[in-house]
Amino acid sequence: MKKKLDILVNGIFKENPVLILLLGCCSVLAVSVTVEGSLGMGVALTFVLVCSNVVISLLRNIIPDKVRIPCYIVVIATFVTIVQMVVEAFLPALYSSLGIFLPLIVVNCIVLGRAEMFANKNTVGDSFFDGLGMGIGYTMVIVGISVVRELLGNGTLLGFRIIPEGYQLGIITQTPGGFFCFGCAIAILVAAMAKKGKKFEPTMGCDGGCAGCAMSATCTDAKKKEEAKV
Amino acid sequence: MTGYFARIPLLLFTMIFTENYVLVQFLGICPFLGVSQKFSSCIGMSGAVIFVMTLASAATYAIFHAFMIPLGLGYLSTIIFIVVIAALVQFVEIVLKKFMKGLYNALGVYLPLITTNCAVLAVTLLNVDESVAQTYNFLESCANGFGAGVGFALALILFCGVRKTLERAKPPKAFQGLPITLIAAALTSMTFMGFTGMAENLFG
Chain A
18 MKKKLDILVN
28 GIFKENPVLI
38 LLLGCCSVLA
48 VSVTVEGSLG
58 MGVALTFVLV
68 CSNVVISLLR
78 NIIPDKVRIP
88 CYIVVIATFV
98 TIVQMVVEAF
108 LPALYSSLGI
118 FLPLIVVNCI
128 VLGRAEMFAN
138 KNTVGDSFFD
148 GLGMGIGYTM
158 VIVGISVVRE
168 LLGNGTLLGF
178 RIIPEGYQLG
188 IITQTPGGFF
198 CFGCAIAILV
208 AAMAKKGKKF
218 EPTMGCDGGC
228 AGCAMSATCT
238 DAKKKEEAKV
Chain B
2 MTGYFARIPL
12 LLFTMIFTEN
22 YVLVQFLGIC
32 PFLGVSQKFS
42 SCIGMSGAVI
52 FVMTLASAAT
62 YAIFHAFMIP
72 LGLGYLSTII
82 FIVVIAALVQ
92 FVEIVLKKFM
102 KGLYNALGVY
112 LPLITTNCAV
122 LAVTLLNVDE
132 SVAQTYNFLE
142 SCANGFGAGV
152 GFALALILFC
162 GVRKTLERAK
172 PPKAFQGLPI
182 TLIAAALTSM
192 TFMGFTGMAE
202 NLFG
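Chains A and B are the protein sequences, given in the same order.
18 is the number of the first residue of the first sequence in this note's numbering; add one for each residue after it.
2 is the number of the first residue of the second sequence in this note's numbering; add one for each residue after it.
So that you can see chain A by itself, here it is in the shape it has in the complex (with noise of 0.2 Å):
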């Protein structure tokens, strides 16, 4: 049990998928605009990423190697259409808000990566687990960087107005501002990694994050980095 504990924890922290690992920007900064959007789209992705864990991790010794990559998405693309199903139906206005971003869940970068890293190798138990922990990880991340954003940039929390009308800094809730706070997020975390003597460079995609990329399995520079290695 203490196993499953720290699997849970991993993903919550150590392994952050949004914050260390550096996976699915595009929503995060789309998304984190108002606080209810945020938690829908957290709980959305949580869902999707427990049962795509679950199935694949079930799945692991019947998907042929060289076809593993569509067998995922389509997977993980029937979970997303639950969802959005599920939210049309019952939550009009989470859907409209949520918009582009609630199908493209299908591509989300954290999804198809934990797939490849962690449900293909592992038992459905701990598939689970880890599925869990990343989507609280998100959540996390997502929903702390839309307090300061709706606050921020529109005044209010949860709709609630805090701070009087007149006093926002509008540019917060707009395309900068989600670009600005990401980073600034980003920066507040190395700094207190460095006082507790922790060193982490941020680095994604071909900068050299192959680790935290999801197609470094079919991506020929990532191979040739691996082979440089051994």
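Take these hints with a grain of salt, some might be off.
[As the list claims (entries may be wrong)] In silico contact screen, one side only, chain B against chain A (beta carbon under 10 Å); selected entries:
no., residue
1, Phe-82
2, Ala-88
3, Leu-89
Keep in mind the hints are simulated off the structure, nothing from the lab.
No residue lacks a Cβ here, since even glycine has one placed at the ideal position from N, Cα and C.
Got chain A; can you put chain B on it based on the hints?
Using the frame of chain A, we list chain B on its own:
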């Protein structure tokens, strides 16, 4: 009301500048931040994205209106489109490898990465989205895909230049690397806010 012939240029202008996928709509951020360090890889990635986005827009539009609507399968668009894109990317890779060696050498590395580029799936889904103010015809949805690709390329190449300058900067220690890159992206996207409202005045 915009005249019919002005619609395509309007669409292109909108997709490239006012509604730029990367810098205004937050789509395709991973490749935008991940690949923008080297100019040569920016060009390769941009070419591959423009190519695949245009093809994917055409293919998914045709499939959606020829098969999915008559069969009442509109609700499966997410699953079907991602499979179509994945298949298309594979197909393009095979064709280029066989018949166009030069182009394959330039774009080949970046093609597999495009399947999970959220901008590609987004453009195909938005092309057939009923809730978007206007529904596009075939030509318009191809133009939409092409414009989105060019917009992505513009953002990527511009940002590559910004990062080149950034390398010589000395930010505070905590901001080194990715954080300062994100702040630079914020400033770059601020410049694109200047285009807001321009399209309607130019082509209206």
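Going down the list of hints, with the structure as the test:
1. Phe-82: holds, 9 Å
2. Ala-88: With a closest approach of 8 Å, the Ala-88 of chain B hint holds.
3. Leu-89: violated, 12 Å
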